[in-house]
Every structure is written in structure tokens, then in C-alpha cells.
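Participant: Here is how the chains run, residue by residue.
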Amino acid sequence: MSPLAAVLAVVGLVAVTTVVGLVWKARTGRVTTRGRDDAEIVTPADVGADGSFGEKATLLQFSTEFCAYCPATRRLLGGLADRTEGVEHVDVDLTHSPELAQRFNVLQTPTTLLLDGRGAVRARIGGAPRPAELEASLAEILNTPGDDRVAA
Amino acid sequence: MSQPDLRPLPGTQGIDPRGPRFSAGITAVLLAVDIVLGLVGLQLAAWILLVVIAVLFLWGAVAGVQRHPYGALYRAALRPRLAPPAELEDPAPPTFAQLVGLIITGLGVVLGIWFPVIVVVAAALAFVAAFLNSVFGYCLGCQIYLLLVRAGLIRRGTGAAA
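Just so you know, the sequences run in chain order A and B.
Mapped onto the working numbering, the consecutive letters of the first sequence carry residue numbers 1 to 152.
Mapped onto the working numbering, the consecutive letters of the second sequence carry residue numbers 1001 to 1162.
Next comes chain A alone, as it looks inside the complex (with noise of 0.2 Å):
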């Protein structure tokens, strides 16, 4: 190959990865939201969690050692448990339970999983929460509780 042609298939490479971490950076941490009815119930049991999950809603992180996005969105996720009732944040690491993370179909992490009181996963993000879309989900979720009360 000529020196023109390989500076050229290099270039083209440089861009077809610019696209890719556009794309990935569009996507990433986005809000993935399911209908309230048809939504899988998760337990604290289910996830190995020493603790309760919330009353009104919980924010389920699963995360690895690997992550370098887990522990900001350990700290994102806390805090919002923190100043909203009834909200409660449950970080599970996968790094030594590869059956969760097929259970629960996690390919990266931080992937968080919004349940509402029952435990019905209501919402999916997947990479670092975007705190705006997060709280927005939260809020629909806990105005919306998932059982027969209606929401104003």
C-alpha cells in the first residue's frame, strides 16, 4: 500500500471510532423506561442486599471493581436516596456474582435499575445516571406508585 493510502485507511479509522464514541455518548446513562403492569418484581433476597429496599422506590446499582463510573454513581445514586422519603439506594457487586449479572441482563456497569414500592423494575440506565433524566424518572415513578391508587 502506497504511503497516502495507509495515512488514508488511518483517517478513516479515526473517524469510524469518532462515530462510535458520538454514539456511545449519546446513549450512555440514558433512561430506558417499562409499563408499570408487566414489570418484574426484584427482592432484596434476589440480589444478595443485606438491607430493605425502599418503601416508596429504590435505586438498584450493580457495579464491578472494574468501573470507573461506579463509585460517582454510588455517590449520585446516595444522595438522591438520601433527600427523597421513602427512596432508598442498594449497590450490588457483580464482580463475584456473574449469575446476577446474567439474571438481571447486565453488560456494563454502573447499570441502575429503578424499582418502584413493590419492587417492579420501572426504569433501566445503563452507564453513569444523567442526574436531571434520573430524578425525573424517580419523580414519575414515585408519583405513579404501581398499585391500584391512581396518580394525580
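Hints were generated in silico from the structure; no laboratory data involved.
Treat the hints with care, as some may be off.
[To be verified] Now the in silico label distances, taken between C-beta atoms and shown as ranges:
1) B:1062 to A:11: 29 to 39 Å
2) A:139 to B:1113: 58 to 68 Å
3) A:34 to B:1062: 39 to 49 Å
4) A:9 to B:1048: 47 to 57 Å
5) A:24 to B:1153: 39 to 49 Å
6) A:35 to B:1116: 26 to 36 Å
7) A:30 to B:1080: 34 to 44 Å
8) A:107 to B:1067: 51 to 61 Å
9) B:1117 to A:11: 45 to 55 Å
[What the hints assert, rightly or not] Which bits of chain B does chain A cover? Going by a derived footprint, with three or more residues having C-beta under 8 Å, they are:
10) 1032 to 1040
11) 1067 to 1077
Ideal placement from N, C-alpha and C gives every residue a C-beta, glycine not left out.
Dock chain B against the given chain A, drawing on the hints supplied.
Facilitator: Only chain B this time, still in chain A's reference frame:
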């Protein structure tokens, strides 16, 4: 996305998170040069440069990114000119990324002895990871650790490649 707020796990020495991204930038440039060398037919030069890059990954994976020469270069040349980091980061995730880089480039070095094209393929794969890490803050440990565990390529708990 908000600026990530990174702090090390309790009991670990935190590092400046910009250090590994600076190192990944140098690695990406070296890998790009390596791809060009391989493509123009300078196969021995491409192979030798990939050996050098693999040895640097080995250094990072074994000694940890805090003791890597690029980390020292960052602290000596760049860090004094920058504002202090907002947060410190646990060195385990970037050290894991060094191990992944070592495996990819190591395979390229070994297989490249018989198949020179593998040198270019390995350099291109490692380039994609290093570029994403440096430019976008992509965290290899976040994205592929669980995939490798679930694929059975990492024994659970040990963190070592099987």
C-alpha cells in the same frame, strides 16, 4: 452528561483521572503509527513497535497505572500546568484496561510472527479502545469486564484471564 465525580474506593490510593486518558492518547498515536508502518509494508518495524507497545501495556498491567512511565510523564510535564483534579479515581479500572491492551497486542505480537497482517489487525483493535478511552472517557472495565465474565473468559473472582 454531567462531569463525572470520581473518587477511589476507601483504602486505595487515588489517581488523577486525566492521567490514564493522557496515557491512552500517547498509546493511540503510537498504534496509529504502527498501523501505517504495517500497511506500507514495513512489517518488521511494525512488529517491533507493537512489541514496544505490548511491553508498555505489560508494565501498566503488572505495576499498575500509577507506576507506568506515561503516568510519571503526566505528573512531571502536564499535571503542574493543570488545575487540581476535581476528584481522584481508583486505579483498578485503568489497570484492567492495560491488561486488555496487553492481551490484544500480545496476541498480535505472537501471531504476527507468522501472519504479519495480524499485527495491523491487533494494532487497529487496540487503537479503537485507546482512542475511545482518551477522547471520550470510555471505560473498558465498565463495558467489557462483565461481557468477558459472562463469556467465561475470566474466572469469577480472580480477575485473571483464564
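Participant: For each hint, tell me whether it holds in the structure or not.
Facilitator: Hints, one by one, checked against the model:
Roughly 34 Å separates the CB atoms of residue 1062 (chain B) and residue 11 (chain A), a value that falls within the hinted 29 to 39 Å. Look at residue 139 (chain A) against residue 1113 (chain B): about 59 Å separates their beta carbons, and that is inside 58 to 68 Å. The hinted window of 39 to 49 Å between residue 34 (chain A) and residue 1062 (chain B) holds, with their beta carbons roughly 44 Å apart. Checked against the hint of 47 to 57 Å, the C-beta distance between residue 9 (chain A) and residue 1048 (chain B) comes to roughly 20 Å, which is inconsistent with it.
Taking 39 to 49 Å as the suggested C-beta distance range, the pair residue 24 (chain A) and residue 1153 (chain B) does not conform, at roughly 22 Å. Distance hint check for residue 35 (chain A) and residue 1116 (chain B): the Cβ-Cβ separation is about 54 Å, which falls outside the suggested range of 26 to 36 Å. Between residue 30 (chain A) and residue 1080 (chain B) the CB atoms are about 38 Å apart, so this pair conforms to the stated range of 34 to 44 Å. Between residue 107 (chain A) and residue 1067 (chain B), the C-beta spacing of about 31 Å breaks the proposed range 51 to 61 Å.
Take residue 1117 (chain B) and residue 11 (chain A): their Cβ atoms lie about 20 Å apart, and the range 45 to 55 Å is violated. Residues of the region 1032 to 1040 of chain B lying with their CB closer than 8 Å to a CB of chain A number 5, which satisfies the three-residue condition for coverage. Coverage of a stretch by a chain is defined here by at least three residues with a beta carbon nearer than 8 Å to that chain's beta carbons; for the region 1067 to 1077 of chain B and chain A the count is 0, and the condition is violated.
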